[in-house]
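Student: Can you build the whole structure from these sequences, using the hints too?
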Amino acid sequence: MTNEEYLQASYFAAIAIGILVAVASAAWLARGHWEATDCPGAAGLGKVVRRAFPAWLILAVLMGFTSVTYFDCGHGTYDKIVADRAYLVTKTQEQAAAMARYLAAAIMGYGLAMVLFLWARARQASGAKK
Amino acid sequence: MTGLLAWIGLVVMAVGFSVGMALVMRRPMRGLLTANTYLAPAANFYVRAFVLVVLLASVAVVASTGLPCEKQAENTMTAVWWIAGHLQPLCLSIAGFLMAFVLLLTILFAALGRYRDQ
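One line per chain: the protein sequences are A and B, in this order.
If you're matching positions, the first sequence starts at 1 in the numbering used here and goes up one per residue.
If you're matching positions, the second sequence starts at 131 in the numbering used here and goes up one per residue.
These aren't lab readings, by the way, just hints derived from the structure by calculation.
Pairwise CB distance ranges (calculated):
| # | chain 1 | residue 1 | chain 2 | residue 2 | range |
| --- | --- | --- | --- | --- | --- |
| 1 | B | Val141 | A | Thr2 | 26 to 36 Å |
| 2 | B | Thr206 | A | Tyr11 | 31 to 41 Å |
| 3 | B | Val232 | A | Met1 | 38 to 48 Å |
| 4 | A | Arg51 | B | Met207 | 50 to 60 Å |
| 5 | B | Pro158 | A | Met1 | 48 to 58 Å |
| 6 | A | Ala120 | B | Arg157 | 25 to 35 Å |
| 7 | B | Pro158 | A | Cys73 | 45 to 55 Å |
| 8 | B | Gly150 | A | Glu4 | 41 to 51 Å |
| 9 | B | Val232 | A | Gly74 | 38 to 48 Å |
| 10 | A | Asn3 | B | Thr206 | 27 to 37 Å |
| 11 | B | Gly243 | A | Ala113 | 11 to 21 Å |
Just so you know, even glycine gets a beta-carbon here, dropped at the ideal spot from N, CA and C.
Tutor: In structure tokens, the structure reads:
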């Protein structure tokens with residue numbers, strides 16, 4: 001496998017695996033997410049939130065992936081980048097790490113947004129009881 | 131061969147740390163999240179999200195770590211040092227996300243813990 005073939009294969013494989021992991025994460029969290037957002041008083045908002053969740057995770061993975069750049073001071077041109085196999089491997093590792101980090105941060109951020117949803121739901125429910 | 135074993139050792143330790151952390155935190159988290167009926171529907175989501183976040187925190191460190199070069203794994207002790215050198219970012223990553231999650235749960239409890247079931 002030439003360096004250029006390796007670059008193309010690793011680049012597209014990394015993003016495909018990242019998106020698959022994001023989708024699998026959304027699927028794994030889906031049941032709990034449904035339980036948390038399924039309430040008759042805020043059915044519309046619940047639907048919006050449920051639709052947004054997988055998209056949010058996929059966008060986070062894409063942000064992580066694109067946050068890594070191949071160009072730096074020692075690798076200013078495409079030819080210099082392709083010539084250095086070790087550099088290509090390092091960049092793929094960086095992309096994988098960034099995607100995992102961004103995905104974890106996105107789940108945390110979403111957890112914070114869920115606090116607002118649950119708080120609004122609790123206010124509505126306790127108001128209705130009074 | 132020692133290099134590959136060292137890398138596998140690091141992966142096993144990373145997964146072990148994450149699973150251990152999830153096992154330690156799961157029960158008290160469930161206890162907190164079933165304090166009232168306003169928190170209870172979100173219990174599954176937050177517990178699963180925590181497991182995922184801790185796993186991803188360790189995957190991020192392992193993914194950025196390649197196999198050690200020959201000198202770094204020429205004998206058992208150098209391989210152990212190589213693993214130890216990578217445990218610091220691993221622990222930092224897990225600890226950072228753990229603290230962030232505890233902060234998140236504190237905000238959740240501050241917002242919803244005051245509601246009482248009637």
